[in-house]
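Asker: Here is what each chain is made of, one letter per residue.
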Amino acid sequence: MTAAAPNYELIQQDGLETSLLEVSMGPHHPSTHGVFRMDVKLDGETVVDLKPVFGYLHRNHEKLAESMSYLASMPFTDRLDYFNSMTNNWAYALAAEQLIEIEIPERAEYLRVIMSELTRLVNHVSLVGFFVNDLGALGTPLLYAFREREKILDLFEQASGARMMCNYFRFGGLRCDVPEGWLERTREVVDRFPKFLDEYEKLLCENEIILSRTQGVGNLSKELAISAGITGPMLRASGVNYDIRKVDRYGIYDRFKFRVPFSEGDVGDCYDRFMVRMLEMRESIEILKQALDGIEDGPIMGNAGKVFKPAKAESYGRVEAPKGELGFYLVADGTTQPYRFRVRPPSFINLTVLRDMCIGQQVADAVIILGSIDIVLGEVDR
Amino acid sequence: MTTPNTSPSVELDDTTRAELERAGVIVSKVDFLYNWARGGSVWPLTFGLACCAIEMIASATSRFDISRFGSEVFRPSPRQADLMIVSGTVTKKMAPQVVRIYNQMPEPKWVIAMGACAISGGPFKQGYNVLKGIDRYIPVDVYLPGCPPRPEAVLQSLNYLQEKIRTQDIKSDPAFTEGRRQYPIPEFTGTDLEPPYNPDVWQPPANPNAPAEEEAEEATA
Amino acid sequence: MSEAIPHEAVLQRFPEVEWDEEFGTLIVPSAKATEVAIWLRDDEAFRLDYCSNVTGIDYLDREFKEKVKNEEGKTETIIHKDPARMEVVYHLYSMEKRTGPLVMKQRTTREKPEAQSLTPVWRSCELQEREIYDLFGINFTEHPDQRRILMWDEFEGHPMRKDYVEPFDYEWEPTPHDEILEKHQKGKVIF
Chain C
36 MTAAAPNYEL IQQDGLETSL LEVSMGPHHP STHGVFRMDV KLDGETVVDL
86 KPVFGYLHRN HEKLAESMSY LASMPFTDRL DYFNSMTNNW AYALAAEQLI
136 EIEIPERAEY LRVIMSELTR LVNHVSLVGF FVNDLGALGT PLLYAFRERE
186 KILDLFEQAS GARMMCNYFR FGGLRCDVPE GWLERTREVV DRFPKFLDEY
236 EKLLCENEII LSRTQGVGNL SKELAISAGI TGPMLRASGV NYDIRKVDRY
286 GIYDRFKFRV PFSEGDVGDC YDRFMVRMLE MRESIEILKQ ALDGIEDGPI
336 MGNAGKVFKP AKAESYGRVE APKGELGFYL VADGTTQPYR FRVRPPSFIN
386 LTVLRDMCIG QQVADAVIIL GSIDIVLGEV DR
Chain X
56 MTTPNTSPSV ELDDTTRAEL ERAGVIVSKV DFLYNWARGG SVWPLTFGLA
106 CCAIEMIASA TSRFDISRFG SEVFRPSPRQ ADLMIVSGTV TKKMAPQVVR
156 IYNQMPEPKW VIAMGACAIS GGPFKQGYNV LKGIDRYIPV DVYLPGCPPR
206 PEAVLQSLNY LQEKIRTQDI KSDPAFTEGR RQYPIPEFTG TDLEPPYNPD
256 VWQPPANPNA PAEEEAEEAT A
Chain U
4 MSEAIPHEAV LQRFPEVEWD EEFGTLIVPS AKATEVAIWL RDDEAFRLDY
54 CSNVTGIDYL DREFKEKVKN EEGKTETIIH KDPARMEVVY HLYSMEKRTG
104 PLVMKQRTTR EKPEAQSLTP VWRSCELQER EIYDLFGINF TEHPDQRRIL
154 MWDEFEGHPM RKDYVEPFDY EWEPTPHDEI LEKHQKGKVI F
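Chains as they are written, first to last, in this note's numbering: chain C, 36 to 417; chain X, 56 to 276; chain U, 4 to 194.
Just chain C, with the same shape it has in the complex (with noise of 0.2 Å):
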């Protein structure tokens, strides 16, 4: 049985005592991905205790979500994990397509596909940048993987107008199709892009200051992971093989072949969550590359109205966003509105380990911890 965060006993060395340090890291640090606190006890550079601190982005997403119908939602439902437009509203559509039954023609459901996909490209791509950013390799990596990020993001204004925020997906298909000649530019993106990651990983996987600097550093072991929740690559890097993807298969996730990385052993350190993104990446090439081929001529849109009273009912829809289970839980009451309306965010959950895998580490070290975690603000307060 898994017991609540356990009690730390204060960490004594070479019997010297020193009084512990309390140290408020954020909500302005530049390590925290955005206004995150952290309020450390240190005993010399170790981390006794963590308490993380939320709320200094909780823009009421979901109050402001019950008082609007729900279609009015989907641009807000950009801007909760602001790297990933595309997946956010893709959960929203699945949660509101199950109150209401809406054929979703063949050729939106493979936009969809490619469009999460790239997405997890950007998101995947971002995160290592930043990981290695906090790492201490400032600029380069980062930069390189921005570089990649402009030409996802060339395409996602090509398709919706927007680079960030594109509030594509609509319930029962998408907002409008792409223009002439997206899918041969996705192709020469999604073709050109291995050859980025093989220099991408040639200059980090066996870099020895990542090696020594990640690897046994940030543990989490299969049964917490489990048990609190954890999803997403994280989840998986702990050695558990669940992506939502093939246990749900939402979509059209079924016609496509693709593997789920996950590590061998028991326990997953950062070295693990570090890689299992990279793998990860490869895998959504091959997605795209399957679902560039499969795609065909047709309407994109069902035939649902932008304005719909469901009947009373509760709904759940989930997928596996680039950072774990994105899920949207819906109560309708037949009004335009809906009653309830709640996001489960991956990585607000994600965050419930943080404190035991911070506990016994050096601070510099918790930095990278939540780094691996991979977190973004608007998600974790909503």
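In short, the hints are calculated from the structure, not lab data.
Incorrect hints may appear among the rest.
[Claimed, not checked] A short list of chain U residues far from chain C (calculated; beta carbon distances all over 10 Å):
# : residue
1 : 10
2 : 35
3 : 76
4 : 82
5 : 101
6 : 129
7 : 170
[As the list claims (entries may be wrong)] Derived PhoX-like pairs: lysine-lysine, alpha-carbon spacing no greater than 25 Å straight-line:
#  : chain 1 : residue 1 : chain 2 : residue 2
8  : U       : 70        : C       : 344
9  : C       : 347       : U       : 70
10 : U       : 115       : U       : 35
Being a predicted model, the structure only gives us computed values, none of them experimental.
Note that CB positions come from ideal geometry on N, CA and C, so glycine has one too.
Knowing the structure of chain C, use the given hints to seat chains X and U on it.
Answerer: Coordinates of chains X and U only, in the frame set by chain C:
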């Protein structure tokens, strides 16, 4: 080099200056040189609040490259920075920290309110925890609309700021005459921040259609 | 979609547990919540080792009108009453068996909202239950660290409750949408 401002104490017309420049002599005011140098090396604070922060980072990367305008030195410490880009939604919980960071920055300092949220609360304006614009607590120099603004827009706002810096008069500008500007830090109460805005910096707009105060009193009487 | 989980076994094992036909959820009394949760987690047939989503719902006293045709062909209006209550919802999945979800609810009153914390069973409830305490004001007994999480400590009230009134801070501002706003207040435009 553009033509510097002429001031009443130096009587030098443009033709004379042009002649002197041809002869290899540049005549200028200290203000001009000083502002030119400061405008060309604005150091922003590494300060990301929300979505806009990502576009701010993107403007520093190789494609857009903010260093072409001399501002690539992002400093994590407010003591070393002179430009604060408020990039994203300022919540009520975060507002005191933003003011505190602003107070810590040395003069001369500038603020760009980046994105709809920082300007007015943006799409989240109706939220119970969202501040309706950071200009309620600190003075803003450039408002940069967008949700989020493109990196090119960040560069443009920097250009506007540089133009503004070039017109600063060292003798009279409060940044140089009054020492470090510090504003009171709002405090948490049971429901809201106290005070809800700093009246020295911002006043709510007056409704032109509202009945004048005397009329309203008469109506109630 | 992954397989749905048959719920009949739970009802047989725990006669106190009810089944809500309308939403398809288990209603568990708070006193039994921990016991049921541990059983669901450890029982071989269920193995619900992963608690995904925990959230609260606040129901005010409401009435629903439904128009039904009776035997004579006339339409009648039936009024359904929805009593005021608060609910804590748990979405349970099994990572081992790849099944789910099974939805479990704890019901409580609006006057004295109290529920049993399931953090000792699933760690994933820890932060989410703190969030429910913060935004809905539901007290979780045996929660290891129940504090406000999103709002500041001095904050009064629970903003996600349906009857929460925000402090009055109206300011006039110039807007090009005045006419539309007027129409919206009359119910002619839906945002």
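Asker: Next, verify each hint and record whether it holds.
Answerer: So, going through the hints one by one against the coordinates:
| no. | hint | verdict |
| --- | --- | --- |
| 1 | 10 | holds, 15 Å |
| 2 | 35 | holds, 17 Å |
| 3 | 76 | holds, 23 Å |
| 4 | 82 | holds, 13 Å |
| 5 | 101 | violated, 5 Å |
| 6 | 129 | violated, 5 Å |
| 7 | 170 | holds, 14 Å |
| 8 | 70(U) <-> 344(C) | holds, 15 Å |
| 9 | 347(C) <-> 70(U) | holds, 14 Å |
| 10 | 115(U) <-> 35(U) | holds, 18 Å |
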